[in-house]
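Build out the structure end to end from the sequences listed, making use of the hints.
Residues in the sequence shown are numbered from 0 upward in steps of one, following numbering that gives the first Met the number 0.
Everything labelled a hint here was simulated from the structure, so no lab data went into it. What you are looking at is a predicted structure, and each value in this text was computed from that prediction instead of being measured. Take these hints with a grain of salt, some might be off.
Simulated restraints, written as ranges between beta carbons of each label pair [unchecked claim]:
no., residue 1, residue 2, range
1, Leu54, Asn21, 43 to 49 Å
2, Leu59, Val35, 35 to 41 Å
3, Thr32, Phe3, 37 to 43 Å
4, Asn21, Leu41, 24 to 30 Å
5, Gln27, Gly1, 52 to 58 Å
6, Phe36, Lys14, 27 to 33 Å
7, Gly52, Thr30, 29 to 35 Å
8, Thr51, Phe3, 54 to 60 Å
9, Asn62, Val20, 53 to 59 Å
10, Val20, Gln58, 48 to 54 Å
11, Trp47, Trp22, 33 to 39 Å
12, Gly55, Lys11, 55 to 61 Å
13, Thr32, Leu10, 39 to 45 Å
Glycine residues also receive a C-beta, built at the ideal position from the N, C-alpha and C atoms.
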Amino acid sequence: MGFFQKAKKFLKETKSELKKVNWPNKQQLITYTGVVFMTVALVGVYFWILDTGFLGIIQLIIN
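Here it is as structure tokens:
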């Protein structure tokens, strides 16, 4: 089986598998996107607070 035949078979199988996927509807997509953004924001704020705290501790040690 040549390269192009393998590529064609791969794409055909991929298309078949994509049809089996249970895609979220619009409302689910909006909800899941909001959850992801909020999680990223909360984790970012958590690490910012942690970083600021460590910076303060290190500055106290150095000075």
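Notebook entry, point to check: So which of the earlier hints does this model not fit?
Noted result: 5, 13
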